[in-house]
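Number of protein chains: 2
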Amino acid sequence: MERTYIKDVVTKIGEKVLLKGWINTIRDHGKITFLDLRDNTGIVQCVLLIPDGDLGLEYAIEIQGSIKKRPERMINKEMETGFVEIEVKKITTLAKSYELPFDMSKENLDLKLPTLLDYRSLTLRHPKIKAVFKVQNQILDSYREYMKSQGFSEFFAPTIVPVATEGGAEIFPIEYFKYKTFLAQSPQLYKQIMVGVFEKAFTVSRAYRAEPSVTTRHMTEYISLDAEFGFINSWQEIMSMTEGLIRKIFADVEKNFSGELKMFNSSIPKLSKKIPRIKLKEAQEIIFKETGRDNRKEPDLDPQDEKDICKHIFKKQGSELVFITHYPTKKRPFYTYPDPQNPEYTYSFDLLGRGLEWVTGGQRINNYEQLLLNIKKWGNNPDDFDIYLKAFKYGMPPEGGFALGLERMTMQILGLANIREASYFPRDMERVDFRLSKFDTVRKNDQKKNKKQKNPPEKSN
Amino acid sequence: MERTYIKDVVTKIGEKVLLKGWINTIRDHGKITFLDLRDNTGIVQCVLLIPDGDLGLEYAIEIQGSIKKRPERMINKEMETGFVEIEVKKITTLAKSYELPFDMSKENLDLKLPTLLDYRSLTLRHPKIKAVFKVQNQILDSYREYMKSQGFSEFFAPTIVPVATEGGAEIFPIEYFKYKTFLAQSPQLYKQIMVGVFEKAFTVSRAYRAEPSVTTRHMTEYISLDAEFGFINSWQEIMSMTEGLIRKIFADVEKNFSGELKMFNSSIPKLSKKIPRIKLKEAQEIIFKETGRDNRKEPDLDPQDEKDICKHIFKKQGSELVFITHYPTKKRPFYTYPDPQNPEYTYSFDLLGRGLEWVTGGQRINNYEQLLLNIKKWGNNPDDFDIYLKAFKYGMPPEGGFALGLERMTMQILGLANIREASYFPRDMERVDFRLSKFDTVRKNDQKKNKKQKNPPEKSN
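From first to last, the protein sequence lines stand for chains A and B. If you're matching positions, the first sequence starts at 1 in the numbering used here and goes up one per residue. If you're matching positions, the second sequence starts at 1 in the numbering used here and goes up one per residue.
One or more hints might be untrue.
The list cannot tell twin chains apart, which means a pair is met if one copy fits it or any two copies do.
Calculated cross-link-like contacts (lysine-lysine; reagent style DSBU-like; alpha-carbon spacing at most 30 Å) [claimed, not checked]:
#1 K148 x K130
#2 K297 x K20
#3 K20 x K148
#4 K148 x K134
#5 K148 x K12
#6 K134 x K248
#7 K438 x K178
#8 K248 x K130
#9 K376 x K248
#10 K16 x K148
#11 K7 x K96
#12 K331 x K178
#13 K130 x K297
Derived from the structure by calculation, the hints contain no laboratory data.
One chain only, chain A, in its complex shape (with noise of 0.2 Å):
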């Protein structure tokens, strides 16, 4: 018999089916048993007359069983398969599981955060919580459909670097054979290259920031989207485009995942008809006149900027999304554009949504002599950065782009506490999996097994 996948079973009333899943919950009520089965597409809940020696939460099973209509006082509106139920014939079980260490039925898990991350192969599969994922696959496929819809074509960039090229402390370096290489901070250099080659790339990448403390909004790995485009007119088109790709974005998840977006008592974040763009210093004179707080010298928002700026623009326009522009050039990357006008500043932008920076652009320098120059003034060394030197020694039009944390945005539509709910697996300077407090016995055993080890892994060439 084929598989009926959960979601389908109330298309089925009256037929015999065979469902697999998890046993998410028991009720015991003495000569019945009712258990509600889990599969990735739902939850329905079975009435077992049969006697039965060993089930228990979790356990993967097989169930026959017939689909039959609940009577109306057993209707339960708050599941989707709510005036449904399955008859149960035969169970099967395929795995067990032992005891769980909290309750997996609740409509919210309430762990504290190391309890979640140390049971993440468990709570993942919380219902909740494979929600944010859901709604993240959804930016995810909106975001690549969208850069496919305005002519991108996809690449990858690598993620081992040579040097340290967009310089700081932040850099994991590799033990890479006899030398030294380091995890890459962005795909920023690569994806400049390619818009010699495909005028407008895009990419899903990983990026590593070796931050130096444990805050609610960063990991040391996340998920970056960046996309950078040539021949622009104006570096306003570079705001534009993340506008669009912005908007894509919000229509399909409210579209689409309205229901998770309820779980999470959130909202898509509300827009005016055009997301505004202010100047940094602009925005800090109101946040002086709104707050009497005097930033206005500093090169950058602070977090209480960020939200007082975010709190301004919403109650005054509407939008709770605004671009601020023109950094000052001494706190922006070297290849940043100068604004001709005032080169002290730059055409760089951030997003901000919600209090928090969403995403970051703005429009390079392609010059490859203005380049060089700038590449030597900000300390570093034109040889290290050979290979990108020869996309703009070799013809590199007007371009610009932008960069997205996946998981950032995530986190700002569905309104979570902390980034880590919404990585699978998070990494920061304290947890990779466990916590690396664990490590050092760890390190002596993993020496002691590397003699030993005979086996490879399984390798895919």
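Start from chain A and add chain B according to the hints.
Positioned in the frame of chain A, the structure of chain B alone reads:
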């Protein structure tokens, strides 16, 4: 005026247009100059009567002009736009180019690999090299589309892993704050965990191998297409799923990229009605009979064996691809499912094509106790596998999956001589953008630089 892409000029004969792109070739005939303009969509000939002071190859330019039909005798049937040309009214240079290090206008670049890679940002612009990545992007899209059509959900596996869990020396250590972590050799353990979550999961992941040798078919960083699914009735389903994917990819590439296949003098591999499935032992017997080479006691096929068995299967059964099954338990990773009939062999397979491995896969052990035992037996510490083991401790149905190297498959479909040609920015033990032997000086510069460095990279979160 809105930009016209070159692929569209054939539909706008007689119209005034604005084109943008790079100068691919210049032919100076005295009073008249012909130049071929290249954008991401094609190449078109432009005719210049206006005297021009400064034009060069790879200049990024804008052209205003009119699209004319060419006189009959001037038609170039080799070019898609060969029956039209652009009568140029105005040229604007957007970015100049230095003199090119080699002739980019030839149909084949014919460069040695080191030059091809030293100038990667330039050589990637060549139409024949771009064709490689057009085909690769089709493989990628077909993969995503197929897996989704089969009910798989996309997820992201982390690439920073806490311990050398899959063993072997071929792993890169990362200096991770005060600890040591590693670059993932594959998303294997995480995709298995995800079976407990999504039942069917796929990912486009980076995989890293510290291959201590330089071959034509290995790189240190590559794109791994991984899929894993649960509730299987038989491990044969895993090969069937693999075969379904391969057929989908072949059909899409053939349909959409026949021109690109021709450029490489290649064609989609021929398949029989069902891809043959033969046991390793049988393959070794065949090789012995056919060639006299006796590798019947070997636990794996060597490169010559792979060529021989592919040749034999194609001759006898008309398939350029073949599944080799039942590899010995002691040569496969700890999680491989042993054949209950003969536990010295496993429910594992490799898919070979045109003399090389394309895909590897199999059923996995889903019983917690058996897995725990095997981890110890293979010389590993179960503590290192805590998060992985928990996925099995709490009910994991029978499951399996496969992994496919994206660059390897691209190379094999197009008949490329070296896998590096199928990677945008290939990494190996000798090269990461540039030859690592340059590195000693670079490293010193780098240390100096880090002290001076004040400007953080562009951050997306």
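Consistency of the hints with the structure:
For the identical chains of this complex, K148 and K130 are neighbours both inside a copy (27 Å) and across copies (17 Å), given an alpha-carbon limit of 30 Å. In this assembly of identical chains, K297 and K20 lie within 30 Å of each other by CA distance neither inside one copy nor across copies; the values are 62 Å within and 41 Å between. Taking the shortest alpha-carbon separations for K20 and K148, only the inter-copy value of 20 Å comes in at or below 30 Å, while the best intra-copy value is 37 Å. Both within a single protomer and between protomers do K148 and K134 lie at most 30 Å apart by alpha-carbon distance, with minima of 21 Å and 13 Å respectively.
Taking the shortest Cα distances, K148 and K12 sit within 30 Å of each other only across copies (24 Å), while inside one copy they are farther apart (39 Å). For the homomeric pair K134 and K248, the shortest alpha-carbon distances inside one copy (16 Å) and between copies (25 Å) are both at most 30 Å. Taking the shortest alpha-carbon separations for K438 and K178, both the intra-copy value of 28 Å and the inter-copy value of 12 Å come in at or below 30 Å. In the homo-oligomer, the alpha carbons of K248 and K130 lie at most 30 Å apart both inside one protomer (22 Å) and across protomers (29 Å), since each shortest distance falls under that limit.
For the homomeric pair K376 and K248, neither the shortest alpha-carbon distance inside one copy (40 Å) nor that between copies (50 Å) is at most 30 Å. Proximity of K16 and K148 under a CA criterion of 30 Å is satisfied inter-copy only: 27 Å between copies versus 44 Å inside one chain copy. Taking the closest pair of Cα atoms, K7 and K96 come within 30 Å of each other only inside a single copy of the chain (24 Å); across copies the shortest separation is 59 Å, beyond that limit. In this assembly of identical chains, the alpha carbons of K331 and K178 lie at most 30 Å apart only when taken from different copies (29 Å versus 35 Å within one copy).
In this assembly of identical chains, K130 and K297 lie within 30 Å of each other by CA distance neither inside one copy nor across copies; the values are 44 Å within and 47 Å between.
In summary, the structure is inconsistent with hints 2, 9 and 13 from the numbered list given earlier, while agreeing with the others.
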